[in-house]
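Single-letter residue listing:
Protein chains: 2
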Amino acid sequence: MENFTYYAPTYFVFGKDQESTAGTYVKRFGGSKVLIHYGGGSVVRSSLLDRVKASLAGEGIPYVELGGVHPNPRSGLVYEGIELCKKEQIDFILAVGGGSVIDSSKAIAAGSVYDGDFWDFYQGKPVTKALPVGTVLTIAAAGSEGSPDSVITYEDGQFKRGASGEALRPAFSILNPALTQTLPAYQSACGITDIMAHLFERYFTNTKEVEVTDRMIEGLLLTMVHEGPRVIADPNNYDARANIMWAGMMAHNNSCGVGRGQDWASHDIEHELSAQYDCAHGAGLAVVFPAWMEYNIDHDVMRFAQVATRVWGCSMDFANPKKTALEGIARFRAFLRSIGMPQTFEELGAKGEDIPAMAHKAVYGNGRSGSIGGFVSLSEDDVANIYRKML
Amino acid sequence: MENFTYYAPTYFVFGKDQESTAGTYVKRFGGSKVLIHYGGGSVVRSSLLDRVKASLAGEGIPYVELGGVHPNPRSGLVYEGIELCKKEQIDFILAVGGGSVIDSSKAIAAGSVYDGDFWDFYQGKPVTKALPVGTVLTIAAAGSEGSPDSVITYEDGQFKRGASGEALRPAFSILNPALTQTLPAYQSACGITDIMAHLFERYFTNTKEVEVTDRMIEGLLLTMVHEGPRVIADPNNYDARANIMWAGMMAHNNSCGVGRGQDWASHDIEHELSAQYDCAHGAGLAVVFPAWMEYNIDHDVMRFAQVATRVWGCSMDFANPKKTALEGIARFRAFLRSIGMPQTFEELGAKGEDIPAMAHKAVYGNGRSGSIGGFVSLSEDDVANIYRKML
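Chains W and A, in that order, are what the protein sequence lines are. In terms of our numbering, the first sequence opens at residue 1126 and continues consecutively. In terms of our numbering, the second sequence opens at residue 1126 and continues consecutively.
Warning: the hint list may mix true and false statements.
Heads up, the list lumps identical chains together, so a pair's fine if it works in one copy or across two of them.
Unchecked claim - The list that follows gives simulated cross-link-like pairs (lysine to aspartate or glutamate, DMTMM-like), each with its CA atoms no further than 25 Å apart:
| id | residue 1 | residue 2 |
| --- | --- | --- |
| 1 | Lys1152 | Glu1291 |
| 2 | Lys1333 | Asp1364 |
| 3 | Lys1514 | Glu1471 |
| 4 | Lys1514 | Glu1184 |
| 5 | Lys1250 | Asp1216 |
| 6 | Lys1212 | Glu1478 |
| 7 | Lys1152 | Asp1479 |
| 8 | Lys1333 | Asp1359 |
| 9 | Lys1141 | Glu1291 |
Simulated from the structure, these hints should not be mistaken for lab results.
With the hints as constraints, model all of the structure from the sequences given.
Shown next, in the form of structure tokens:
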């Protein structure tokens, strides 16, 4: 195991009706004037936004609002938010929504206390200071409610890039599984896929002797395999929603990723797809990840065989471990299909002719120098080959 | 799943040589004058204490020292520490040692900013304020390095009681697995048992639909089953020590215990043994836990069968699940025996004649009203029966 530091000081408030405590926690974490940041109509239609506002009003905390966050959140709205925060002397940002809203909030939080262009943080500058962010989560997926990360898509250039820094960990996050019950099945499945991808990005490592984090990751994957189909079959299954919601946070707060190399090439490869075609991130990952696995299986057949037996319930073929490893990937594909996820470029609306440009951007964009991935280092050609497997 | 809040803001610094950062983190978390609290000779002999002092001196942070913490830490030294902190205007406590040292440090931290008797907190008063505590951990066991709990034994009355409160979560904890390599096999095994007990206390629940925490607990148990025998066979196995150290923290920081009822009767039953006979807590748990399991198996045979199959690798006997459940307990017993743990009163130095008094104290002590346990509610008679199974 490698040396590491780990610090996850987010206060989690989990359970039914807990959005009514938003005002209490804004106060507890020092907010005196709040920007409420949200997306589209669903938080309005469901009256969630009204309940959150009432909670702030109940504590006598003034607020301004900025809605309009889209999936794959854009830099344009971030600039607008930063300007608003500076003008209104906002000292706390309350994100009401999913990963896109939270990531947009984090970008505004960092940009509001920075004199330069916030995009610097998405070009590699570490975030060391930001306004505190609270979240009221409405979809289990991105794990941004407990992570130090944010991903934003630049308005003009179709660049989708990440920023990171402990200052971006939310001060508090309110997780009410009931709020996710109104999600359409497709969005639920995208969330399930994203959570599993966060686990796999950590699982595929060259670090030896990481039994504790291997076992935690496998436990969380087994949870998703059990609970995922239950919420697709019955969107109102509160308990399945609750298990997925906590698993989604644990999958990305990095307690199961410490002390080990991680990969993240699949996320980089997917980001080009969702930046280019504005597809859902989870759907993109469903197409990318099995292809990435098949392409890299020979790098460490036994690791693929381990997850095949421990998570996918395959019998180990001791005479031919690669057969077991491949069977695991096949079961992952079948699982994704069973919850309604796409498997090809065509289903995503992506085009084969864009592969060379995307492969180039994936390995050279964001200050990269021609390769991505921690488990297997992938060149531009490798990435193009992986894209071609999705055709 | 039940509603819950979860807040674990300890900063973890994990890996080789990390004790040299103690001064940096004391400074970061606001310490300007430190009490270094420790136990006996081993931290002196290994020069760990010198390295920690050098680290404080390197940051120009003055300190006073208080050694002498014993296993099952006593109230007497806590009173001494509180007096010292008040006299010397200490604002940070640095625990260098294992769970006993950390628990004693937490008691001093709470008592130093409280006008009454610190023992009030161990009689049920919640701890809402305490000096910040940092830890340099030397044994993977109690999980106190990441928990809001402390257990102290009262000097006169052989009462061993717990206090709890978020203010008792350490500000930082330095976990260097190499520091645990010098532990005798018996102490290592006691630590392994304590960690597994923390997991089982959470596992045995009446709360339904807790797949995510079930799976996390099982993953951590599987880690202990794999790594435990490796450190007994080779005390210098750094990687096995590292996996156990992170598992020990995760087992008790409660991320795998949220949203579910827990039990803790086995700890209560054991505390009477270690208070009375001053045996090691882990050794006491090795005697208590299998007896508790056998006594309560009929309360939920399928839960015992689940852990038997998922953790102990038993084949499920679908015609007779209780047979599988019992086989799981038998394998747990064999595991404990294989790492050198005791299984009987005699091996602990405990006496059958004391059973009535201990059973009475277990269910009526610490403000309890005649029963203990969240999974099964145990009366005085039940506890006496469980003790008798250990004869």
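Hints, one by one, checked against the model:
| no. | hint | in the structure |
| --- | --- | --- |
| 1 | Lys1152 / Glu1291 | both (21 Å within a copy, 18 Å between copies) |
| 2 | Lys1333 / Asp1364 | between (36 Å within a copy, 9 Å between copies) |
| 3 | Lys1514 / Glu1471 | within (12 Å within a copy, 66 Å between copies) |
| 4 | Lys1514 / Glu1184 | neither (55 Å within a copy, 56 Å between copies) |
| 5 | Lys1250 / Asp1216 | within (22 Å within a copy, 35 Å between copies) |
| 6 | Lys1212 / Glu1478 | neither (45 Å within a copy, 76 Å between copies) |
| 7 | Lys1152 / Asp1479 | neither (49 Å within a copy, 53 Å between copies) |
| 8 | Lys1333 / Asp1359 | between (40 Å within a copy, 18 Å between copies) |
| 9 | Lys1141 / Glu1291 | between (28 Å within a copy, 23 Å between copies) |
In summary, the numbered hints that this structure violates are 4, 6 and 7.
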